[in-house]
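> As a plain string of letters, each chain reads:
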Amino acid sequence: MSPEVHAGASVALFLAHAVTLEEEAAERYDELADTMAVHHNDVEALFRRMAGYSRLHRDEALGRAQAEGDVLPTLRPWEFAWPSPESPESAALADTHYLMDAHQALSLALTAERQAQAFYQQVADTSHDARVRELAGEFAEEEAEHARLLEEWLTRHPPSAAAALDDLDPPVAVD
Amino acid sequence: MTPSFSLAVTGSGGAGVMTAGQLLLDAAALAGRYGLMARSFGPQIRGGEAAALLRLADRPVESPDDRYDLLVALDWGNIERFADELPLAADALVVADPGHGAVPAVIAAQTGRLIEVPLTALAREIPGGRPNMVALGLTACLAGLPAAAVETRVRRALARHGTDSVTAAIACLDAGRQAAAAHRRARLPVSGDESTADPTTALDRWVLNGNEATGFGALAAGVRFCAAYPITPATEILEWLAGRLPSVGGRLVQAEDELASINMCIGAAYGGVPALTATSGPGLSLMIESLGLAVAAEIPLVVANVMRGGPSTGIPTKSEQTDLNIAVYGLHGEAPHVVVAPTGIADCAPTAAWAVTLAEALQTPVILLSDQALGQTRTIADPPATALPAARRTAFVPGPTDPPTAYRRYAHTPDGVSPMSCPGMPGGQYTADGLTHTTSGVPSTRAEDHVGQLDKRRRKLEHHDYGARWGEVHGDGALAIITWGSATHPAREACDRAAADGLSVRLIALRLLSPLPVAQLEAALAGVRACMIVEHSHTGQFYRHLRAWAELPRPTLAWHRPGPLPLRPGEILEALHHLQAQQEVAA
Amino acid sequence: MTPSFSLAVTGSGGAGVMTAGQLLLDAAALAGRYGLMARSFGPQIRGGEAAALLRLADRPVESPDDRYDLLVALDWGNIERFADELPLAADALVVADPGHGAVPAVIAAQTGRLIEVPLTALAREIPGGRPNMVALGLTACLAGLPAAAVETRVRRALARHGTDSVTAAIACLDAGRQAAAAHRRARLPVSGDESTADPTTALDRWVLNGNEATGFGALAAGVRFCAAYPITPATEILEWLAGRLPSVGGRLVQAEDELASINMCIGAAYGGVPALTATSGPGLSLMIESLGLAVAAEIPLVVANVMRGGPSTGIPTKSEQTDLNIAVYGLHGEAPHVVVAPTGIADCAPTAAWAVTLAEALQTPVILLSDQALGQTRTIADPPATALPAARRTAFVPGPTDPPTAYRRYAHTPDGVSPMSCPGMPGGQYTADGLTHTTSGVPSTRAEDHVGQLDKRRRKLEHHDYGARWGEVHGDGALAIITWGSATHPAREACDRAAADGLSVRLIALRLLSPLPVAQLEAALAGVRACMIVEHSHTGQFYRHLRAWAELPRPTLAWHRPGPLPLRPGEILEALHHLQAQQEVAA
Amino acid sequence: MNATVVLRPKDYKSATKPVWCPGCGDFGVLNALTKALAGLALAPERVAVVSGIGCSSRLPAYTSVYGFHGVHGRALPVATGLAVARPDLTVIATGGDGDGFSIGGNHFLHACRRNARLTYLVMDNAVYGMTKGQASPTSAADWAGSKLTPDGPGIAPFRPLEIALSAGAGFIARGFSGDPNGLARLLAEAIEYPGFAFLQVLSPCITYRPEQLEYKALVSAGFEPLADRNAAFRRLLTDDGFTTGLLYRAPVSAGGSAPAPADLTDETATLAELAGEFTAARLRGAADHES
Amino acid sequence: MNATVVLRPKDYKSATKPVWCPGCGDFGVLNALTKALAGLALAPERVAVVSGIGCSSRLPAYTSVYGFHGVHGRALPVATGLAVARPDLTVIATGGDGDGFSIGGNHFLHACRRNARLTYLVMDNAVYGMTKGQASPTSAADWAGSKLTPDGPGIAPFRPLEIALSAGAGFIARGFSGDPNGLARLLAEAIEYPGFAFLQVLSPCITYRPEQLEYKALVSAGFEPLADRNAAFRRLLTDDGFTTGLLYRAPVSAGGSAPAPADLTDETATLAELAGEFTAARLRGAADHES
Ligand SMILES: Cc1ncc(C[n+]2csc(CCOP(=O)(O)OP(=O)(O)O)c2C)c(N)n1
Ligand SMILES: Cc1ncc(C[n+]2csc(CCOP(=O)(O)OP(=O)(O)O)c2C)c(N)n1
Ligand code: SF4
Ligand code: SF4
Ligand SMILES: [Mg+2]
Ligand SMILES: [Mg+2]
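In order, the protein sequences belong to chains A, B, C, D and E. If you're matching positions, the first sequence starts at 16 in my numbering and goes up one per residue. If you're matching positions, the second sequence starts at 52 in my numbering and goes up one per residue. If you're matching positions, the third sequence starts at 52 in my numbering and goes up one per residue. If you're matching positions, the fourth sequence starts at 9 in my numbering and goes up one per residue. If you're matching positions, the fifth sequence starts at 9 in my numbering and goes up one per residue.
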């Protein structure tokens, strides 16, 4: 999100971003989980779990909106002012691999959570609207909490010994 | 009947199932065994699920068996997909890694002999170890392959990855073998003595798939030009040729589509350079119009069509024999051409070579009908007993007194074959044409020219002496099977088993599919009282083709079923017994 | 047997031969006659040489006769080219313009009745006069057509050229008629009384060629989209549709090639709009791959293939029945579809309409096999006795409680036809696919899905009630002819003549060529002792097709010969007598 | 489908799970497409996505709109037939660079000329993914990654934007699968363009062209929409192949004449009238029937 | 053929008389071709002319060189196969605008890229002569002379030179059948170009496009040979379609890499060696055989 846009964003506009950020993060985790399922990779479960968390946060953001009494504006996907090509908590599709292990999956998620944290922090730092600053700060703190959690999990899932991405079977021609 | 041992290694793609399977087959070759390996996988380009399907024996074997004796599962990812490709023998042994969950019902229901080996855990104990190498050691041991052969092969294959890799792999093989030994009671009966194989002969044997064999046969017969567009399951023919043609002065062009590739071949062949393209059903469909041109303009060329499940895009990775109709009858107008098919994987090389010689001798397109089962199954086979045939074209030689315009490219000759010039030959200029033409190649709409050229083109095919390669006949029973292509080996094994049951069945496998060698076929059928037509199709295309041209014994039973599952000897044997029972009732 | 009068008008292109011929046919229609007119040309786009070949009769007639009773030559330019297309009766009259040199030997040798009429000189005497109009007056008179009918037609045709043109033409007609009268002794016997024709009925008759009839039948049955690429002899279907489709809210797209045209039709038909394309052999060849897609994805559409001499470019302007093989067997994989053929020119309309209804009812491509003889011969025929059938597609109707994903496009149904949605229908979303798929259309490589869909697609064709249109049966002799397409009328006339000779021959003409209506055919053959298969081909494609599927009487004689010459009743009659003689020897 | 229900991008996805390799650029394209459709609030049943054969061509089955997965190289004619026969629909043709520029090249040329109202989105990975990584028309001359062309294809790569412009396309853009929101926006504009709209999307194949993971660093949103064809040509002369955005949008009237929609209900001529053309009566009848 | 005999243009004609309409532009092209061949003193047996189907495609039979009259639209692949397999020959592909730009459009695109050594001469009359005058890709959008498109094709005409340039052709020229000597000269240059040379020839169809008799007044020799691709593009932006001459001639090295000639005699690997790759021995053998 360009700082200018967010500096001037209303609470409703900010919450619309927050809701979509979490919603898209959840959908991305689902998408990754589906993909891993297709390739029989156990990290599927991990991505499902992440999707669940993101959905919880989305509901939370929706709850805030209700509490604020705000009707969230409907934006078209490209009308959101994200600082990156996608909403910041969407795990990068390009960084996945069908043989990825739990460590790599968690690293991927960690990057996403940190991006989300950075996003909220930036809004918290630059918004002209006090309420927005306050909400963004809270959200940033939550994201930081997630990131810490992921960091902890990562220690429990060290990189697998055998270079996991060393593909033993050549790709095949299906047509 | 060939005593043999069938085994499958399955797991998620990337687990190294295919690598393990291939090394196992190679090791079997080094150990003097025969065998074959097919692959099966899911729709994913990479990953997904994979199965290496092997059969090992002491005598040449090219048919899959009815059931598998051993299943080694690295994990259970989507095993349901393979369930019907993996029929297990009642006493089959299933080796599973307990780390990957319970044995799925679809497997457990088939056999009671399950043993658990922690493949992943064993591999983890070895630095750089991999579960698939543990599985390889274990499987080889259960299959009765000498450890030395496996080790030799693995050392060789991993050499370029450095000594650490090799050491780790060897350790894995050992761990696997020990795990197998730990289940000594589960060790399966294997045929043959590990030490009997004559190592010299064994090392001369070929380990290759039908696609490579096809490429080799074509090149050996003289093909020096290939233009093609990739398509599964034919691409390996092209890849093989792409790597080798330059070394014999030839060229391969990757074309923009099949319309281009067939026409580039026509151009090269018109230029005197024997040409081949390889494709599968969808690509063959696109070549149809230009094949008609090659017929009319009398241009020699070979299309190797590797059949897959149809219609339309169908199932590209599975086998069927359902492009027979289009290959034989697919051209518009009256367009006689030649269709041949190898009767097995090893036969792909001589039959491809034959196809090239026929094309060149008859100046006509030849369609070589291979299929996914032949093309992509790797086998250990004896090299061809005789040298492959080499192509020869009847070339134009100007008479010393001929005026420059005397050359009649499409002159009527007794055998219908007219001497052919090609650019560069002075006095041989003519215009090759797809329009009805005179003997000089000038367009004509007159009846005498039309009929004259139609007659000539039919004559050259009908009068040609196709020699002994038209087909194979085995046995002399009063019951006969007529079959072709990849159905041959399963059918032949069914006949062998029937013989073991005391039922003598004659096997007739055609290599020449069109023009149908009616006289040879009817001679081969002499004394046959009942007949069965065996093919891998839904509606019996081969049966209809035979009916259209030949007198078949009555009764003749049409036995066929479509892909994707391969034909197995047992089902053919069952149909044979059915036919025999009918015969007895009738008698 | 139809008493009839056959005549040819020949001359260099540009001399107005075709105009004269066409006006003569039209005049015959106005006079209550029946008849037909074929055209023959040299290879030149314009100029060159031309012949209008007519046959007139008092009863419907669609076969050419064996020989011509009258030849009117405006000049002798390259007449040799037509020599074998123009067999003259022994007592034929030849009218020649002495200004164009001596009668060529190839003509003079055939008949002694030559008269000279200075057509050019006569025309020159009339301001604005033209030799072809003189020839028209003369020919009409010799053919026994009322002068009034000719005059009416000519007035109408030339109206837009102004009164001077009309006056000149009428004067030419008169001059021609007088020249004929001057040779009263030469006037030929003609059948029928000039005044008997019921003018009301006569004026309701249709004067059209098979290509126009095909376009009309398709449009009448519901076709509203056409995409095509021009090709001889199919282009008139497209041109007819191009002019009419917009008036019924339809559209025609000229495509870049046949690959595009067939796929555009697939797109439109997938969108719910009945679609047709028209082509000939070379174009059909290019459509083969996508026809397979239409089979697999179950897309209804009609390809009107107007056959010409083959193979390859062959003879585009001449007729043959040699695309039967490609039409029936040309698709790769197992791709059941429907092939139908009109049994005559007038039959093109109802059969084209039927083709559309079959495509829509069975959700499958239908190939309509017409040919140059049907497509480009103009005839005077009774309009269809019954209304043309109209197409109906089994449409998807969402159940009130269906979840949006419940729709199974390829659901198994008893008759194999699954309700079809099209874009715009809520809840009907699916992806049509040429890959082997589940009932929902999701790609699958599993045996049950493959076999299930193969079965279903075969079932819908086999279980369909094709009704009475499957073929025509005439007579009940113990000798039978089985034939199809443009061979039907010559064969029928041969049967009529045989009957006149006291030989009763049954005629069976198939409209449904694939799936072959075996039960109906075998029923129609009940009591037949010997049979003859009549077709316009070099190798007997129809004969082989029948053999492949049906039990034919023994003996069955395959009688066929290729183009470019049309089939004539006499040669078929001769073959019939031959068969009968054989039968008698055998008895 | 109730028009008042607001559909989210995921509502345009089907339950079928993609078989693509994780990391494949085509996932981004699928996401962009569903976002574009949601952004335009199009009813799923009024949209059709038509493809050929290839990894990318699998896309239609992953959507909840009408789909057509045809044969290799023929997506455009199928889409054209559908768009011309059913002008009420939103028609999107899609597929890969092999499908569209190699075997389908002729249809591409003529679709640009024909200017029927449809969007053509090509997922360009400069390789034949589905058949194991052979060179495609957009592969570099020296890309030696395929056994079929062990020394590289050795020929000049195909320039999709130049060809489209030469052939007469009125809407030409380039997108990147790694920027689904930007791509969704381009797609929405393409869909709304009342003629043929072409969109080349750089969509990495991580399996056969892993080096394409670098695309992220190479692409830059440099095109400014031009309305003048010559200006667009000049702009392309300095194109590096990685500039994204809308290059050219012809004023609608200049974009050739899109076929006028067929009104399938307006049957101004009855069948009887058409049959009347054949009657003998017409041979002596009113002059307006003369052909 | 004795090389010391000097051949005249007529020696490159066959005894077969053209079936073309008197006045057809294709006569001029035939004359230009025979003049070019005579001018280059090429031995007739070392030249091959390959065509598709159409009036123009009848040309090979009217020459005394090797000819190939194939199917509609496939002249270029036949010529490519011949040129690649037989680099010792002079190969000329020819035909009409329908053959080359409509059904054969894809081969045109890819032949421009592939840059095999051959000349492609298209006799452009903006119509399908042989099938009775339907619109071709180069027909104007409003040309309503065909029953198949009674209101005109209604789409943007194909621009052969632009397409050739976009697609990567290294030699691009336009000629006029009414100027056989100028055309012969262009053709000779094209033949000598060591790569793919494209030559559009305006060749009137007097039967279906009699208005093309006006071409004589419209054409002007305005192109000055350019060696810079961008310059050629800029030149084309102001082209009226009637400028003749050599537009563009890429320096040979820039014209893509024409496939290296195959040396059909140099068999560096014997069959036995190739067969050796299959043996079991190799599975344990020397490392250099590993694949
Ligand atoms: C007529 C025909 N020829 C060849 C093929 C094999 N084939 C399937 S997909 C494909 C190429 C796909 O490449 P692209 O369109 O770039 O798609 P990608 O897989 O890269 O997304 C080929 C050659 C086919 N299915 N049909
Ligand atoms: C596959 C196929 N489709 C259609 C035709 C019919 N056909 C023959 S020539 C031709 C067009 C010729 O136009 P062009 O190439 O411009 O040549 P011209 O006659 O104008 O010289 C067509 C459509 C054919 N022979 N083959
Ligand atoms: S092979 Fe390449 S294009 Fe195909 S799914 Fe995998 S990454 Fe995507
Ligand atoms: S129709 Fe046209 S192109 Fe054909 S020969 Fe006649 S003038 Fe030439
Ligand atoms: Mg690609
Ligand atoms: Mg033309």
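Rather than coming from a laboratory, the hints here were simulated on the basis of the structure. Only a predicted model underlies this, so the values are computations on that prediction, with no experimental measurement involved. Glycine included, every Cβ here is placed at the ideal spot set by N, Cα and C. Take these hints with a grain of salt, some might be off.
Pairs of lysine to aspartate or glutamate residues, derived as DMTMM-like cross-links and limited to a Cα-Cα distance of at most 25 Å, are as follows [as the list claims (entries may be wrong)]:
#1 E:Lys224 - E:Asp247
#2 D:Lys224 - A:Glu94
#3 D:Lys18 - D:Glu200
#4 D:Lys224 - A:Glu83
#5 E:Lys25 - C:Asp453
#6 E:Lys155 - D:Glu281
Coverage of chain D stretches by chain E, computed from C-beta distances (three or more under 8 Å per stretch; other residues unrestricted) [what the hints assert, rightly or not]:
#7 87-97
#8 155-166
#9 171-181
Partial list, derived from the structure: chain E residues whose beta carbon lies under 10 Å from chain B [stated by the list, open to error]:
#10 Ala49
#11 Val55
#12 Ser72
#13 His77
#14 Leu84
#15 Leu97
#16 Asn114
#17 Ala119
#18 Leu221
#19 Ala225
#20 Ser228
#21 Ala229
#22 Arg292
> Decide, hint by hint, whether the structure agrees.
Structure-based check of all given hints:
no.: 1; hint: E:Lys224 - E:Asp247; result: holds (17 Å)
no.: 2; hint: D:Lys224 - A:Glu94; result: holds (21 Å)
no.: 3; hint: D:Lys18 - D:Glu200; result: holds (21 Å)
no.: 4; hint: D:Lys224 - A:Glu83; result: violated (39 Å)
no.: 5; hint: E:Lys25 - C:Asp453; result: violated (71 Å)
no.: 6; hint: E:Lys155 - D:Glu281; result: holds (19 Å)
no.: 7; hint: 87-97; result: violated (count 0)
no.: 8; hint: 155-166; result: holds (count 5)
no.: 9; hint: 171-181; result: holds (count 5)
no.: 10; hint: Ala49; result: violated (15 Å)
no.: 11; hint: Val55; result: holds (8 Å)
no.: 12; hint: Ser72; result: holds (6 Å)
no.: 13; hint: His77; result: holds (5 Å)
no.: 14; hint: Leu84; result: holds (8 Å)
no.: 15; hint: Leu97; result: holds (5 Å)
no.: 16; hint: Asn114; result: holds (6 Å)
no.: 17; hint: Ala119; result: holds (9 Å)
no.: 18; hint: Leu221; result: violated (28 Å)
no.: 19; hint: Ala225; result: violated (35 Å)
no.: 20; hint: Ser228; result: violated (35 Å)
no.: 21; hint: Ala229; result: violated (33 Å)
no.: 22; hint: Arg292; result: holds (5 Å)
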